[in-house]
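Just so we're aligned, residue 205 is where the sequence shown starts under this note's numbering, counting upward by one.
Among the hints, erroneous ones may be present.
[Stated by the list, open to error] Okay, derived cross-link-like pairs now, DSSO-like style, lysine-lysine, Cα gap no bigger than 27 Å in a straight line: (1) Lys393 / Lys348; (2) Lys348 / Lys319; (3) Lys326 / Lys238; (4) Lys393 / Lys356; (5) Lys264 / Lys362; (6) Lys307 / Lys269; (7) Lys367 / Lys319; (8) Lys356 / Lys331; (9) Lys264 / Lys307; (10) Lys319 / Lys393; (11) Lys264 / Lys356; (12) Lys220 / Lys269; (13) Lys350 / Lys367; (14) Lys210 / Lys264; (15) Lys307 / Lys335; (16) Lys356 / Lys332; (17) Lys393 / Lys269; (18) Lys319 / Lys332; (19) Lys264 / Lys393; (20) Lys362 / Lys331; (21) Lys269 / Lys362; (22) Lys269 / Lys326; (23) Lys307 / Lys356; (24) Lys269 / Lys210; (25) Lys367 / Lys238; (26) Lys332 / Lys362; (27) Lys356 / Lys326; (28) Lys350 / Lys362; (29) Lys348 / Lys332; (30) Lys331 / Lys307; (31) Lys367 / Lys307; (32) Lys331 / Lys350.
For the record, the hints were derived by calculation from the structure and aren't laboratory data.
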Amino acid sequence: MFNLYKKRNKEIANFKITESTAHSKSFEFSSYFKLFAGFALINLYFDFTGTLNGENFMGKCYVQKVVVIGPFVPWYWGRIVFSNGSVLTYFEPRIEILMFEHKIRSILEFYAHSKAQTYIFKNLNIKKFGKKNQRWLITANEGKGKISISLKSYASHKFIFEKIGLFTYIEYLCEVTNISVEGFDIDTKNLGSGFGLIEDARGYIL
Numbered sequence: 205m206f207n208l209y210k211k212r213n214k215e216i217a218n219f220k221i222t223e224s225t226a227h228s229k230s231f232e233f234s235s236y237f238k239l240f241a242g243f244a245l246i247n248l249y250f251d252f253t254g255t256l257n258g259e260n261f262m263g264k265c266y267v268q269k270v271v272v273i274g275p276f277v278p279w280y281w282g283r284i285v286f287s288n289g290s291v292l293t294y295f296e297p298r299i300e301i302l303m304f305e306h307k308i309r310s311i312l313e314f315y316a317h318s319k320a321q322t323y324i325f326k327n328l329n330i331k332k333f334g335k336k337n338q339r340w341l342i343t344a345n346e347g348k349g350k351i352s353i354s355l356k357s358y359a360s361h362k363f364i365f366e367k368i369g370l371f372t373y374i375e376y377l378c379e380v381t382n383i384s385v386e387g388f389d390i391d392t393k394n395l396g397s398g399f400g401l402i403e404d405a406r407g408y409i410l
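Could you put the whole structure together from the sequences, leaning on the hints where they help?
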């Protein structure tokens, strides 16, 4: 039986967190290790209802746990949740040295709520435009399928870590401005609005 959780701040927020509805993505686990380095993560997805700054809200939320064994390296990461319960995630850690760039992993997963099915795309092409309120374009071709998603950021926060090396980690809150999927029977018009968090991390740290 799912326990009832609440997040409450008398003046700002009062949310009730409940188990995901039927056919919604509720659990996610992934790992990638090479030799003695790599990462593993687990995500739990929930529904929520409540108030924020006096306004009523409802939607999706998640809890994430990440374990990293090894140095921090540059990466792109993102998770977008759509109104109909579909979820898009991508991750691309890489090595950058001067003009050399090597993608350690490059993968996008799109969970289509209407199909209760996950579609996987590899070898992403990620582009960032602008200096303020950045826009992002992410594309991928995988066999017969193609996906393209455009994002516009509306808020950001930068973290800087200094130890053995320097690591800059920026989080962006984004909304989807356009998405298209070819080669699969997915009606993107029924996805509804899409919002999420994406990350742009650069540098190295031990």
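Query raised in the report: Of the hints stated earlier, which fail here?
Result: 7, 9, 13, 17, 18, 28
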